[in-house]
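The hints should help you fit chain V onto chain L, whose structure is shown.
Each chain, written out:
Number of protein chains: 2
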Amino acid sequence: MKTRKSRVGPSREGEVFELVLDRLRAVGYELLSVGDIAAAARMSKATIYRQWGGKPELVVRALRWRGCLCAEDIDTGALPGDLKRYVALLAERRDPELNRAMAQAVHRDPALLEAVRTELLGPGALVTDRLLARAVARGEVAADCKALPYVRSALLGAFMGQGLLGQPLDGDFVDGYVDHLIAPALGL
Amino acid sequence: MKTRKSRVGPSREGEVFELVLDRLRAVGYELLSVGDIAAAARMSKATIYRQWGGKPELVVRALRWRGCLCAEDIDTGALPGDLKRYVALLAERRDPELNRAMAQAVHRDPALLEAVRTELLGPGALVTDRLLARAVARGEVAADCKALPYVRSALLGAFMGQGLLGQPLDGDFVDGYVDHLIAPALGL
Chain L
1 MKTRKSRVGP SREGEVFELV LDRLRAVGYE LLSVGDIAAA ARMSKATIYR
51 QWGGKPELVV RALRWRGCLC AEDIDTGALP GDLKRYVALL AERRDPELNR
101 AMAQAVHRDP ALLEAVRTEL LGPGALVTDR LLARAVARGE VAADCKALPY
151 VRSALLGAFM GQGLLGQPLD GDFVDGYVDH LIAPALGL
Chain V
1 MKTRKSRVGP SREGEVFELV LDRLRAVGYE LLSVGDIAAA ARMSKATIYR
51 QWGGKPELVV RALRWRGCLC AEDIDTGALP GDLKRYVALL AERRDPELNR
101 AMAQAVHRDP ALLEAVRTEL LGPGALVTDR LLARAVARGE VAADCKALPY
151 VRSALLGAFM GQGLLGQPLD GDFVDGYVDH LIAPALGL
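Chains L and V, in that order, are what the protein sequence lines are.
Residue 28 in UniProt numbering sits at position 28 of the first sequence; the count goes up by one each step and never skips.
Residue 97 in UniProt numbering sits at position 97 of the second sequence; the count goes up by one each step and never skips.
So here's chain L without its partners, still in its complex pose (with noise of 0.2 Å):
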């Protein structure tokens, strides 16, 4: 094996976070192991220890680095756009061997569930606030709108509604979901 520097740079960070997520959807969090994760990336285990901490961060990390959606990456230049932009993103991003696989560990583990909600759903979340506050300042919806709070939620709503219901959740339903339930509680 070849001698390693302590610092890991982005690329090989990007492919130690996919092995990480490959793991996580073949076999769980519960059975992944930093050992085989270490191996596969021909790495040593106390190089992955010192970079990243341990499973559980290695984890947060990778799912981070997976879902990071800017608010940035999203503009259309009007709010009913920029919405069915977000969750147009979310959907193609979709992976759901991946959310059964953290949903099983977070019930199972209170400090990975906290972990998952401050490092990955928060963010998440701020990129709705972000979105509504960028409508606000360009004057697209007043600043004392009483559903800005509640938009987070509805556009969950429309995430999750159709896949349980084994509905497609495509651009039709989206665009209906926006035009006719968010952006008229939001004035528009």
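No lab work stands behind these hints: they were computed from the structure.
Among these hints, one or two may not hold up.
In this list, chains with the same sequence are indistinguishable; a pair is considered to hold if it fits within one copy or across any two.
Only pairs whose alpha carbons sit at most 20 Å apart, straight line, appear in this in silico DMTMM-like list of lysine to aspartate or glutamate [said to hold, decoys possible]:
| no. | residue 1 | residue 2 |
| --- | --- | --- |
| 1 | 146 | 175 |
| 2 | 146 | 172 |
| 3 | 55 | 13 |
| 4 | 84 | 172 |
| 5 | 146 | 179 |
| 6 | 146 | 170 |
| 7 | 45 | 30 |
All values derive from a computational prediction rather than experimental measurement.
Quick look at chain V alone, frame taken from chain L:
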């Protein structure tokens, strides 16, 4: 063991369904066996098979028995009140252990997923549809209101979003969600 009649009455049926739900919560779907249920209920396996069919049918029937909420049980006289009451009743009946057991099971068994959709989620969605139809019938909401098809998913968002983010689904949140997001979209 006493000899039992082949027909199982409603109160006895309720006892069996409670046993099924307790087992589901405790060991999950895969490890639940009709033999264990029969033994705990002091009933023959043959009686169970005759009365309810196999394990998937028994489980879906038990879930349905537990979950039966009718639009007729909810009647505050106005749509916003009805929707709030409906979400409050769903929140009361929340059963995370049971949800988790079923989420894992339907993943492994597409036929069970189909049965859950048809027998449980479909009728659940129908409650919302019925509350909306009543509001249309009494002239509260326009029959051609374009937000109508999206209210189901919006309610689901209220319900699931708070859980995911670890926030309470309390009366204040539900009132705000219905009054400031759903009601304006429906022209109320």
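Violations among the numbered hints, reported as their numbers in ascending order: No hint contradicted; all consistent.
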